[in-house]
Amino acid sequence: MSKSKSVKLDKKDKNRALLTDTLPGDTPIIFSNDGLYINAHRYGTSSKAATFDIRDSFFQKFLEPQGRATSPLKYKILKNEVSLRTLSLIHPEAQLSMCRLYEEHSETITYLCSLSPMSIRAPKKTGNSFYSKEFEVTNKYKEIDIDTLESELSRRHASSYFAYRGFNRIYKLFDSPTYLNLEKRFSSMWMLDVANCFDSIYTHTIAWAIKNKEFIKLHVRHKNQFGQAFDTLVQRSNNNETNGIPIGPEVSRVFSEIIFQSIDVDIISSLEEKSGLVFHKDYMVLRYVDDYIVFSKSDADSKIISETISDKLSSYNLYVNDNKVKKYRRPLNTEMSNVVVRLKSVLSDFEKKFITMEKKLDERILIPQDIYRPGSLKRNLISNIKCICNDNDAGYEMVSAYVIATFSNKVMKLIDSAKHFKQKEKDEKTGAALQLQYRDTIILFLDLMFFFYSVNPSVPSSYKLSKTIMVADRFFKSKNPRFTPYFRSAIMENTKDLSFGQGGHHNRDGFISLERLNIILATSEFGESYLSPASTFEHFLAKKSELTYFDIVSLLFYFKNHEPYKSLSGRLEEIIEEKLLSKFNLGKDSESAHLFLDVLSCPYVSIKLRETLLNKYYEKIESGVARSKAEISSDLSELENTYWFTRWQDIDLVKLLERKELNQTY
1 MSKSKSVKLD KKDKNRALLT DTLPGDTPII FSNDGLYINA HRYGTSSKAA TFDIRDSFFQ
61 KFLEPQGRAT SPLKYKILKN EVSLRTLSLI HPEAQLSMCR LYEEHSETIT YLCSLSPMSI
121 RAPKKTGNSF YSKEFEVTNK YKEIDIDTLE SELSRRHASS YFAYRGFNRI YKLFDSPTYL
181 NLEKRFSSMW MLDVANCFDS IYTHTIAWAI KNKEFIKLHV RHKNQFGQAF DTLVQRSNNN
241 ETNGIPIGPE VSRVFSEIIF QSIDVDIISS LEEKSGLVFH KDYMVLRYVD DYIVFSKSDA
301 DSKIISETIS DKLSSYNLYV NDNKVKKYRR PLNTEMSNVV VRLKSVLSDF EKKFITMEKK
361 LDERILIPQD IYRPGSLKRN LISNIKCICN DNDAGYEMVS AYVIATFSNK VMKLIDSAKH
421 FKQKEKDEKT GAALQLQYRD TIILFLDLMF FFYSVNPSVP SSYKLSKTIM VADRFFKSKN
481 PRFTPYFRSA IMENTKDLSF GQGGHHNRDG FISLERLNII LATSEFGESY LSPASTFEHF
541 LAKKSELTYF DIVSLLFYFK NHEPYKSLSG RLEEIIEEKL LSKFNLGKDS ESAHLFLDVL
601 SCPYVSIKLR ETLLNKYYEK IESGVARSKA EISSDLSELE NTYWFTRWQD IDLVKLLERK
661 ELNQTY
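The numbering of the sequence shown is this note's numbering, which starts it at 1 and goes up by one.
It is possible that part of the hints are untrue.
[Claimed, not checked] Straight line, CA to CA, 27 Å or less: simulated BS3-like cross-link-like pairs of lysine-lysine:
1) Lys496 to Lys655
2) Lys211 to Lys124
3) Lys172 to Lys303
4) Lys620 to Lys608
5) Lys655 to Lys172
6) Lys620 to Lys544
7) Lys326 to Lys386
8) Lys359 to Lys419
9) Lys172 to Lys297
10) Lys378 to Lys352
11) Lys479 to Lys410
12) Lys413 to Lys360
13) Lys620 to Lys74
14) Lys660 to Lys477
15) Lys413 to Lys359
16) Lys61 to Lys608
17) Lys274 to Lys312
18) Lys360 to Lys344
19) Lys352 to Lys172
20) Lys410 to Lys344
21) Lys344 to Lys172
22) Lys608 to Lys566
23) Lys616 to Lys588
24) Lys616 to Lys560
25) Lys274 to Lys303
26) Lys184 to Lys303
27) Lys353 to Lys419
28) Lys608 to Lys588
29) Lys583 to Lys543
30) Lys660 to Lys413
[As the list claims (entries may be wrong)] Each pair of labels, with its calculated beta carbon distance range:
31) Asp349 to Lys124: 35 to 45 Å
32) Ala534 to Ser348: 36 to 46 Å
33) Pro117 to Glu493: 52 to 62 Å
Just so you know, these hints were derived from the structure itself, not from any lab.
Beta carbons are placed, not taken as given, at the ideal position from N, Cα and C, and that holds for glycine.
All chains should be built: construct the whole structure from the sequences, respecting the hints.
In C-alpha cells, the structure reads:
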C-alpha cells in the first residue's frame, strides 16, 4: 500500500529554499542543489579557524552573497514541436541571496500574495511540513543504501519553501467541483494568455505593485526596503537587466505573483467602478500564474472583462496574446477536457485486456495476465488514440504526456502489488507464469511509453519514463534476475534512436537535449554490457563550444571510465579546459561556477585537468595563499569527496527524481 507520512521541516533553516525555489524545474535527472545546500551548512564550521579549507575558500571568494551582478546560464529546451523555451540557471551567489530575502521577508511575501481573490496558485505561508507518498518499490529495490546524514537532511527539505493555496496544476481545475459550480453559474468562458510574460516583466514594477496600498502602509514593515531589495536581487541575478526576469526558478514566479496580485485588484476595482460588474456576483476570473480564465453570463460581459484585463496588464508593460484567446459557450468543455474523457475510456479498455484488479484490505491490487499478440494490442491502442486526436483536431502533444503518466503509474502500481503474491510464487508452475506475465506487461507498457515519448518528447515526460525504467529494472534485478538481461536489451533497443546533434533544434544556439539525455542517464545503472554506442554522441561532441554545463556533466556521468568512451572523454576534457580557462570568471558567470565545482569533484575527470583548474584558481583568485604540491593534492582529495550539484557516485536517481516531482509547484 502507498504510505503517506508527514515530514516536519525546519522553518529556521535559512538555506532550505536552495533545494526547491532557486533552480529551474527542467534539468538533467542527475542535477540538484543538494551538495550546495550541505556545503552551505558546513561553511565556517571548521574547528581549526587558522587552517585553510578549500571549500570555505570557494564560499568566501565566489559563493557567499556579496551583492555582485551575476550572469545566469541561459539554455533552451523543447516547448513544443516547433518552438523552444529559454530557462535560466542563476549563479549560486544569487541563489544564496534569495535564501536571505526569503528568510527576512517571508511574511511580507505571503501577505502580498494574499490580496487577489483571482489567484488559484499562490504562496500562503512558510511551509512547516509536507506529506510524502512513496511506493514501497523505491525503497525496496534500491541498489545502494545511501541513507547517510547528508541525504536524509536533503530529503527532509524536499518541499517548496512556501505552502501554497489553490491548484498545483491548471488542468486539475477543470476536473474539480469548483469548475462545475462555475459552469452552473456562468454560460461564457474566455481563456487569456499573457504573451512572453517573464521576458516582459520590468523589475521595477514590483515597487509599483506594493505602493499606494493603505493597508500595506499600516501593516507591512519595511515595505520600501522589501520592494527595493527584491527588485535589486532579481536584477543582479540577471546581469543587472531590468527588462525580463530569470525563467524557471520558483522565486521568479513568486516575484511575478506579487505583481499580478496587484493587477488583479486593479481589474476588480475598475470593472465595478466603470462597468458596474461585481466580482463573484456578475463574473469570476481565475488566474493561474499568467493565464486568465474569465467566466461571465454573456460574451458581451466577457469581452468587457477581457478588455479591462488587457488594459491593466498594459500599464505594467504586459500584454495579452490575442492569437491565443479561446472562447467557449456552455457546456464549457475545453479541447483538453474532451480529449482526456475519451482517453480515460480507451486506456481503461486497453488495460482490462491483460490486467485484472482485486481488493485486499481496502487496497487495489493489479494482477497481470497472459498477453496475446502484444504487437496487435499496441497497434490497436495507437490507432484508437489517433482517432481521438483527429476527432478533436489535436496533435500528439495533447495526449502523450497524459498517456505516459498513466502508464508510469500502472507500472509502479503493478510492482507495488507484487508483494501480495508471495504464496503464488512458491508454486513453481504458477510462480513462473506470474513472473512471465509481469515481464511482458511491464515491457508492453514501456514500449508504448517510448512510442508516445518519441512522437512528442518533453522534459517532464522524460522524468516519468526515466523513473519507470529504473524502478522496473531494480524490480527485475531483485525479484527476477533472470529477466534482467531481457528487460535491459528491450530498453536499449528503444533508446537506439535517441541521437544527438543531428538537424532540427540541435543546431540552435543554447539548445539542450534534456529530454534525450535523461533517458540515456536512466540506463546508466545497466552496466557496461548495455552502453549506447559511442557513435550516439559523435555529433553531440562536435558542437564543442556550444556544449553547455548540463551537457558536459551529463556526458561525464554517463561515460564514467568506460573503455568504449575513452576517446570521447578525452575530447570532452579538452572542451572543459577551454571553456573554463577562457573565462575563469567564477564570481560572475553561473555556468563557470557550476562547471568548475562539479569538475573538481568528479572522479571521472583526469587528475591532470583537475590540478590545472585548481592551480588556476590559486593563481587568479587565491593569489595570497601559497599551497605546496602536497597541500594541493590534499585539496583535490578533499574535493573529490565533496559534491556540489552532481553526485557522481552512490546516488539514488529514483529518489532524486521523486524529489523533482515533489518540487514541481507549478
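We went through each hint and held it up to the structure:
Distance hint between Lys496 and Lys655 is fulfilled; the C-alpha atoms sit about 26 Å from each other, no more than 27 Å. The straight-line distance between the Cα atoms of Lys211 and Lys124 is roughly 21 Å, inside the 27 Å bound, and the hint therefore holds. Distance hint between Lys172 and Lys303 is fulfilled; the C-alpha atoms sit about 26 Å from each other, no more than 27 Å. Between Lys620 and Lys608 the CA atoms are separated by roughly 18 Å; this keeps the pair inside 27 Å, and the hint holds.
The hinted pair formed by Lys655 and Lys172 meets the criterion: a straight-line CA distance of about 25 Å does not exceed 27 Å. Among the hinted pairs, Lys620 with Lys544 is consistent with the structure: their alpha-carbon atoms are about 25 Å apart, no more than 27 Å. Straight-line distance between C-alpha atoms of Lys326 and Lys386 comes to about 24 Å, which keeps the hinted pair within the 27 Å bound. The straight-line distance between the Cα atoms of Lys359 and Lys419 is roughly 14 Å, inside the 27 Å bound, and the hint therefore holds.
Distance hint between Lys172 and Lys297 is fulfilled; the C-alpha atoms sit about 23 Å from each other, no more than 27 Å. Between Lys378 and Lys352 the CA atoms are separated by roughly 14 Å; this keeps the pair inside 27 Å, and the hint holds. The straight-line distance between the Cα atoms of Lys479 and Lys410 is roughly 18 Å, inside the 27 Å bound, and the hint therefore holds. At roughly 14 Å between alpha-carbon atoms, Lys413 and Lys360 fall within 27 Å of each other, so this suggested pair holds.
This hinted pair checks out: Lys620 and Lys74 have alpha carbons roughly 25 Å apart, not beyond 27 Å. Taken as a hint, the Lys660 and Lys477 pair is honoured in the structure, with Cα atoms around 25 Å apart against an allowance of 27 Å. A hinted pair counts as satisfied when its Cα atoms are at most 27 Å apart, and Lys413 with Lys359 qualifies at roughly 13 Å. The hinted pair formed by Lys61 and Lys608 meets the criterion: a straight-line CA distance of about 24 Å does not exceed 27 Å.
Annotation: proposed proximity of Lys274 to Lys312 holds, straight-line Cα distance about 13 Å (limit 27 Å). With a CA separation close to 24 Å, the supplied pair Lys360 and Lys344 stays within the 27 Å bound. Using a Cα cut-off of 27 Å, the hinted pair Lys352 and Lys172 holds, with the two alpha carbons roughly 26 Å apart. Under the criterion of a C-alpha separation no larger than 27 Å, the hint pairing Lys410 with Lys344 is consistent with the structure, at around 13 Å.
A distance of roughly 15 Å separates the Cα atoms of Lys344 and Lys172; the hinted pair therefore holds under the 27 Å criterion. For the hint linking Lys608 to Lys566, the alpha-carbon distance of about 15 Å falls within 27 Å, and the restraint holds. Between Lys616 and Lys588 the alpha-carbon distance is near 16 Å, which keeps this suggested pair within the 27 Å criterion. Of the supplied pair hints, the one linking Lys616 and Lys560 holds, its CA atoms being roughly 25 Å apart against a limit of 27 Å.
Taking the CA atoms of Lys274 and Lys303, the gap is about 14 Å. The hint holds against a cut of 27 Å. Only pairs whose Cα atoms come within 27 Å are accepted, and Lys184 paired with Lys303 is accepted, the gap being roughly 20 Å. A hinted pair counts as satisfied when its Cα atoms are at most 27 Å apart, and Lys353 with Lys419 qualifies at roughly 22 Å. A hinted pair counts as satisfied when its Cα atoms are at most 27 Å apart, and Lys608 with Lys588 qualifies at roughly 26 Å.
With a CA separation close to 19 Å, the supplied pair Lys583 and Lys543 stays within the 27 Å bound. Taking the CA atoms of Lys660 and Lys413, the gap is about 20 Å. The hint holds against a cut of 27 Å. For Asp349 and Lys124, the Cβ-Cβ distance of about 41 Å falls inside the hinted range of 35 to 45 Å, so the restraint holds. Taking 36 to 46 Å as the suggested C-beta distance range, the pair Ala534 and Ser348 conforms, at roughly 43 Å.
A hinted range of 52 to 62 Å holds for the C-beta pair Pro117 and Glu493, which are about 53 Å apart.
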